[in-house]
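Undergrad: Sequence:
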Amino acid sequence: MVMKASLQLRIGTQLTMTPQLQQAIALLQLSTLDLRQEIQQALDANPMLEQEDEFSEQAVSEPKDEEWSESIPTELSVDSDWSDTYQDVGSMSGSGSSEGPDFERQAAGQSLHGHLLWQLAMTDFSAREHLVAESLIDALDANGYLTQPLNDIREGLRAQGIDGLSQREIENTLLKLQQFEPTGIFARDLRECLMLQLAALPDDTPLLVPARRLVRQFLEALGKDDMRLLKRRLGLDDEQLSDVIQLIRSLDPRPGSAYGVTDDSYITPDLVVRHDNEGWHLELNPEALPKLRIQPDYASLIKRADKSQDNQFLKEHLQEARWLIKSLSSRNDTLLRVGREIITRQIGFLEHGEEAMKPLILADIAEAVEMHESTISRVTTQKYIHTPRGVFELKYFFSSQVSGQDGDSHSSTAIRARLKKLISEEQPGKPLSDSRLVTLLDESGIQVARRTVAKYREAMGIPSSSERRRLR
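Counting in the working numbering, the sequence shown runs from 1 upward without gaps.
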C-alpha cells in the first residue's frame with residue numbers, strides 16, 4: 001500500500017489569547033487605584049492618548065473613526081480563565097453621611113485564607129465537602145501550595161469526628177478547590193501549579209500542547225537550561241522553544257504570595273447608587289477615572305497615508321490607544337451590568353439594612369448577565385460601590401443560603417446581623433447562650449445549628465456568654 005501526500009484546505013474560526021484580549025481581562029480585574037496607574041503609564045508612553053480636563057460619567061471617550069470597525073472588534077470578550085495576578089483588597093463598609101459621598105475610604109489587604117473562604121461560601125458544596133474544603137484551605141502555605149499530605153488531613157478530620165471519609169472524597173474536593181482563584185492554587189508542587197495554570201488557558205493558545213508536555217515531563221531539564229535536550233524531545237526549533245519557555249515563564253509559580261499584604265491604601269468607589277422619586281439608580285463614579293481621547297493633532301497627521309517610519313510609529317500607537325479605550329469601555333459596561341443586577345437583587349439591604357440581605361452566589365449573577373462565574377469574581381473583587389449605607393466591596397453583597405421553617409431562605413449576612421441585634425439587646429446580667437440564640441432564631445423562622453451560631457459569633461468578634469458576663 002502506497003501512502004500519498006495531499007493538501008487539504010479547512011476553514012474555521014478560533015479564539016487566540018492575543019495581547020489585546022489579555023489587556024481587556026487585566027483591566028477588568030484591576031482596582032481603581034491600580035487602573036489609574038496603568039492609565040497614567042499609557043498617557044506617558046503613548047503620544048496618541050490624552051486626558052481631558054473634566055471628569056464625566058463615561059470614563060472613556062471613543063473616537064468616531066471609520067477605521068475603528070475595521071481594526072477593532074465590536075465586542076471584547078471578558079470570559080477567560082486567565083490567572084489573576086493582582087492583589088485582592090478586602091471589603092470595607094462605613095456609615096452614610098448627609099453631607100455627601102465620602103469617596104476615600106481606607107482598606108486593608110485581604111488574606112489568601114479569607115479570599116478562598118469567600119469563594120467557598122459562594123460555591124455549591126455539601127456540608128461534608130465544606131468541612132473537607134476548610135481543612136484543605138487551612139493546610140495551604142503562604143504561596144498557595146498544599147504542603148500537608150492528604151492522608152494527614154484525612155486523619156485530622158477523623159479526629160474531629162468525621163468518620164468514613166475516603167481518600168477519593170478528599171481528592172474530589174481538592175479538584176474542585178483547584179478551580180478557585182488565583183489560578184494554580186492548591187497545587188502540591190511546582191509542576192502541578194504550572195499545569196493548573198496551563199489547563200486554564202484556551203485550548204487554541206499557540207504552543208500550548210508542547211508547553212504542557214515540557215512542564216509535565218521535562219521541567220528539570222528546563223531548570224538546568226538544557227535547550228538541546230528540550231528541542232530534541234519536544235521536536236521544536238529555536239524560535240518555537242523560545243516561545244514555549246516564554247509562555248511558561250509568564251505563569252505565576254507562587255499564586256498565593258500576592259495576598260496577605262496589609263499595607264494601608266485608599267480606595268475610590270467605582271459605582272455610586274442613589275435614590276430619588278423614581279427609585280434606585282446605579283451609575284459610574286464620575287470621579288473614579290479620567291476621561292481619555294485620541295490626540296486630534298497627531299491623529300490628523302496619519303491621514304497623509306505615507307509609509308514613512310514616523311507615520312508607522314503613529315499608526316502603531318494609535319492602534320494601542322484605541323485598544324486601551326475600547327478595553328476601558330468594555331470594563332465599565334461589564335461593571336455596570338453586574339452592579340445593576342446585584343443592586344436589583346439587594347434592594348432590601350439598601351432600604352432596611354443587613355437583616356434584609358438576600359442569599360446571593362456568583363452563579364446567580366453569572367446566569368442573569370450571561371457571563372462566566374470567573375468573570376463575575378473578577379468584576380466584584382477590588383470594586384467598590386458607594387451607597388447611602390456606606391462604601392462596600394461588591395463581594396459584600398454575596399452570601400450563602402440558610403433555609404428557614406417557612407421554606408424561605410436567609411443569607412448568612414442577615415443571620416449575622418440578627419445575631420448581633422439579639423446580643424446587643426440582651427440583659428447585661430443574663431447574656432444569651434448560643435443554645436438560647438438558636439432558639440430565638442428558630443422562633444423567627446431561621447434554623448441553624450449551635451456550632452453555626454458559635455462560628456458566626458466568633459467571626460464577629462463577640463465573646464461567649466460566660467465571657468460577656470465576666471466582662472460586664
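Calculated directly from the structure, the hints in this document are not laboratory data. For glycine and all other residues, C-beta sits at the position ideal for the given N, C-alpha and C. Hints may contain errors.
To be verified - Dumping the calculated EDC-like pairs for lysine to aspartate or glutamate here, alpha-carbon to alpha-carbon at most 20 Å: (1) Lys420 x Glu458; (2) Lys455 x Glu354; (3) Lys224 x Asp203; (4) Lys291 x Glu52.
To be verified - FRET-style restraints, in silico, Cβ to Cβ: (5) Ala221 x His113: 34 to 44 Å; (6) Ala221 x Thr452: 46 to 56 Å; (7) Glu467 x His130: 55 to 65 Å; (8) Glu220 x Thr452: 46 to 56 Å; (9) Gln41 x Thr205: 40 to 50 Å; (10) Pro149 x Glu287: 21 to 31 Å; (11) Pro296 x Glu458: 55 to 65 Å; (12) Thr147 x Lys421: 46 to 56 Å.
Undergrad: Would you mind marking each hint as holding or not holding in the structure?
TA: Going through the hints against the structure:
About 11 Å separates the Cα atoms of Lys420 and Glu458, which keeps this hinted pair within 20 Å; it holds. About 18 Å separates the Cα atoms of Lys455 and Glu354, which keeps this hinted pair within 20 Å; it holds. The straight-line distance between the Cα atoms of Lys224 and Asp203 is roughly 28 Å, outside the 20 Å bound, and the hint therefore fails. Note on Lys291 and Glu52: the hinted pairing holds, with a Cα-Cα distance of about 6 Å set against a maximum of 20 Å.
Distance hint check for Ala221 and His113: the Cβ-Cβ separation is about 35 Å, which falls inside the suggested range of 34 to 44 Å. At roughly 51 Å, the beta-carbon separation of Ala221 and Thr452 lies within the given 46 to 56 Å, and the hint holds. The beta-carbon spacing between Glu467 and His130, approximately 27 Å, falls outside the hinted interval of 55 to 65 Å. The beta-carbon spacing between Glu220 and Thr452, approximately 48 Å, falls within the hinted interval of 46 to 56 Å.
Checking the proposed 40 to 50 Å range against Gln41 and Thr205 shows it is violated: the Cβ atoms sit about 26 Å from each other. Separation of Pro149 from Glu287 is about 51 Å and departs from the stated range, judged on CB atoms against 21 to 31 Å. The supplied range of 55 to 65 Å is met by Pro296 and Glu458, whose beta-carbon atoms lie about 60 Å from each other. At about 42 Å, the beta-carbon gap between Thr147 and Lys421 misses the expected band of 46 to 56 Å.
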